[in-house]
Amino acid sequence: MSTTAAEQVKGGSFLLTPIGAMPQFTPEEFGDDAKEFARAARDFIQGEVLPRDEEIDKLNLPLTIELMKKAGELGLLGLEIPEAYEGMDVDKRSAMLVLEEMSKQGSFAVSYSANTGIGTLPIVYFGTEAQKKTYLPKLASGEWLAAYALTEAGSGSDAMGAKATAVLDGDTWVLNGTKMWITNAGFADVFIIFAKVDGQQFSAFIVEKNDPGISTGAEEKKLGIKGSSTRTVILENCRIPKDRLLGELGKGHKIAFGILNIGRFKLGVGSQGGMKRILEYAIKYTSERQQFGKPINSFGLIQQKLADMATKIFVCEALNFRTTGYIDEALHATSWDSPTAGADKMAAIDEYTIECSISKVWASEALFSVADEAVQAYGGYGFSAEYPPEKALRDCRINRIFEGTNEINRLLIAGTLLKRAMKGDLPLMQFGQQVAKEISNPIKPEAFTGPLARLKHGVELSKRQCMLAAGLAVQVLGQKLIDNQEVMARMSNMLMEIYAMESAVVRAERMVESGHRWAQIARDITELYVNESWHKVHGDARMLCADVVEGEALRHALAGVKAFTEFHPTSSARLRGRIASELIQKGSYPVEVI
30 MSTTAAEQVK GGSFLLTPIG AMPQFTPEEF GDDAKEFARA ARDFIQGEVL
80 PRDEEIDKLN LPLTIELMKK AGELGLLGLE IPEAYEGMDV DKRSAMLVLE
130 EMSKQGSFAV SYSANTGIGT LPIVYFGTEA QKKTYLPKLA SGEWLAAYAL
180 TEAGSGSDAM GAKATAVLDG DTWVLNGTKM WITNAGFADV FIIFAKVDGQ
230 QFSAFIVEKN DPGISTGAEE KKLGIKGSST RTVILENCRI PKDRLLGELG
280 KGHKIAFGIL NIGRFKLGVG SQGGMKRILE YAIKYTSERQ QFGKPINSFG
330 LIQQKLADMA TKIFVCEALN FRTTGYIDEA LHATSWDSPT AGADKMAAID
380 EYTIECSISK VWASEALFSV ADEAVQAYGG YGFSAEYPPE KALRDCRINR
430 IFEGTNEINR LLIAGTLLKR AMKGDLPLMQ FGQQVAKEIS NPIKPEAFTG
480 PLARLKHGVE LSKRQCMLAA GLAVQVLGQK LIDNQEVMAR MSNMLMEIYA
530 MESAVVRAER MVESGHRWAQ IARDITELYV NESWHKVHGD ARMLCADVVE
580 GEALRHALAG VKAFTEFHPT SSARLRGRIA SELIQKGSYP VEVI
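For the sequence shown, this note's numbering gives the first residue as 30, with consecutive numbering after it.
Derived from the structure by calculation, the hints contain no laboratory data.
We put the CB at the ideal spot given by N, CA and C, even for glycine.
Honestly, I wouldn't trust all of these hints.
With a Cα cut of at most 27 Å, we get these calculated DSSO-like pairs of lysine-lysine [as the list claims (entries may be wrong)]:
#  : residue 1 : residue 2
1  : K161      : K225
2  : K615      : K323
3  : K238      : K251
4  : K167      : K98
5  : K565      : K591
6  : K238      : K225
7  : K167      : K323
8  : K87       : K283
9  : K251      : K98
10 : K161      : K98
What follows is a list of derived Cβ distance ranges for each label pair [what the hints assert, rightly or not]:
#  : residue 1 : residue 2 : range
11 : G76       : A370      : 32 to 40 Å
12 : E84       : G329      : 33 to 41 Å
13 : E172      : V505      : 57 to 65 Å
14 : E595      : E621      : 31 to 39 Å
Produce the entire structure from the sequences given, and follow the hints as far as they go.
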C-alpha cells in the first residue's frame, strides 16, 4: 500500500468498490522489524506471563505491576509513543502484531492494552508539549502506569451524560464525581479522567494518583478477567493544576470517541491472539482424548469445530490487518512536526470509524464462539475450572462490552455509513441506482478472473443484495431509519460479513498467486467462509426488506434480491475435513505470520 493509494480510500467505501480494487495490507507483507518485535513479545509472554497464569488470575497486583515494568524494560510499553518522548514510534501494524502476542493471557492482556492504548494515547495525540515531556517517558519505560476513566454509573454507552464535574478555582481544577469499571485503577499512577466544566463543557484531565482528593474503591468481583484490576475511582474535591486540562476545553468528546476508535481495532487484533491460543490447546486435547477407540478429532463434528476456529482466525487476521493498514497509511501522511499533528492523526484514524467498529464486533464475537466451541470439544472437562476453556470463555465475554457494546458499535457501523452518504462523502445512492439497473442483467461469474474468481463473484453478489435492501430501507424510512435499531443492526451484519469475506478473498488469492507455503489451506478456509457467510448476507437482505415493506412491495423487493443469487456453494464438509487434517498434523494454527 502506498500513501497515495491510501489517500483515495474512504472509510466505508469497500461496499461500493469492486473487490480487489482497493489497496489492502495483508499479514504476509510484514517486514523483519515487525516480526522481531512480535517475537520479543512472544518470548516475554511464554517465558514470563503464561507460566504465572494462575498467580495473575488470583489478582496478584504486585505481580502484574512487576510484569508490566518488565514489558517496559523490553520496550513493549512505548511502541506507539513518539521517539522524542523516549518511545519507539512504530507503525500500528507492528504494534498490533505485538498486541496479538500480548493477548494470550486474558487478564494481563487487559492490563497491558488499557495502559498502552486508552491510558497513554490520549496524551500522545492531545497532550501539550509539557504534558508529553512529563508523562510519556515514564509511561514508555513502565515507571508509571496508566488508566482511562470515562464510564459512570449512569453513563455507559451515553458517555456525554457524565455527571462528574470540574470547576476552575484560581490556578486549580476541582474535580468531583465517581467513575466506574476503571481498568488498572488499583495500580495506575496517572488517570485520564473526563468531567464537565461548570456542568456543561465535557473535557478531559490528567490526574495523578497522589493528587489530593482522588481515591479508589474495592476491587470488583467479576465474571472473568479476574486478574485485572477494576475499581471505582472517586473524586472528592480533587485538586489538580490548571495545566492538567488535556486537549481543548469542552472538546473532551473528541478525545473520548477518538481513543475508543483506536481501542476498537486493537480489541479486534487482541481477539485473534486469544483465538490462536484456544485453538492450540483444543487441537492437543482432541488429539489425546479417545472415545470409541479413536481420538475425538477423527470425528466429523469435532473436525468441524476445529476447522471453523481456524477459519475465524484467518478471516480475523485479514480484516484486522486490512483496517490497520488503512490507518497506518493515513497516519504516515501526517507528521509529528506539524503543530496540529495530534488532531490530524486522530482525524486520519476517525476516517475508518466503520472499519474499526467492524474489527471490534466481528472479532469479539468470533473469539467468544471459538471459546464456546472449545468448551464443547472438551465435553464435561470443558465445564471444569481445572481445564483452560472454562477460563477462556469467562475472560473473553467482556470483549463484547469493552470499547462500546457490540450493540452500540452495530449502530455506529450502519449509522456512519448512512451519514457519510447523506453528506455526499460516499456515493451510496448512485451505486444503489446502478445496482437497481443490473437486476435484469446481474453480474455473471465470467466477469471475474484469478484463482478465486468464483468467490469474488459471491462477494460482489452480496454487495448488491446489501445495497438493494439498504436502499429500500432508506427510501421507505428516510431519516427515521437511524432510530430503527433492529434494521440498522441487520444492515451492519451485512456490512461486516461483506468486509470479512472480501478481506479474506483478497488475502487468500494473493497467497495462491505468490505460491505461499500455506496457500492451499488459505484457499480452503476462504472458500469455507464465503460458502457459509454468503447465505447470511442473503438471509439478512431478505429479512431487511420484510422489516420495511410488505405485500406486493415486499414481493417486488425479494425478486430484486433474488436476481443476485447465482452463487453455487461447494461442500463445506470436504473443506472442513481438509482444514482439520492440516490443523491436527501441525498441532496449531498453521498460517504463520511471524
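Evaluation of the provided hints:
1. K161 to K225: holds (23 Å)
2. K615 to K323: Roughly 19 Å between the alpha carbons, so the hint for K615 and K323 holds.
3. K238 to K251: Holds. K238 to K251 sits at ~24 Å (cutoff 27 Å).
4. K167 to K98: holds (11 Å)
5. K565 to K591: Given pair K565, K591 holds - Cα atoms ~14 Å apart, limit 27 Å.
6. K238 to K225: holds (20 Å)
7. K167 to K323: Between K167 and K323 the Cα gap is close to 56 Å, so the pair fails against 27 Å, i.e. violated.
8. K87 to K283: Not satisfied, since the Cα-Cα distance of roughly 37 Å exceeds 27 Å.
9. K251 to K98: holds (25 Å)
10. K161 to K98: holds (20 Å)
11. G76 to A370: 32 to 40 Å: Given range 32 to 40 Å: holds, Cβ gap about 37 Å.
12. E84 to G329: 33 to 41 Å: Given range 33 to 41 Å: holds, Cβ gap about 40 Å.
13. E172 to V505: 57 to 65 Å: holds (58 Å)
14. E595 to E621: 31 to 39 Å: Check passed, 37 Å falls within 31 to 39 Å.
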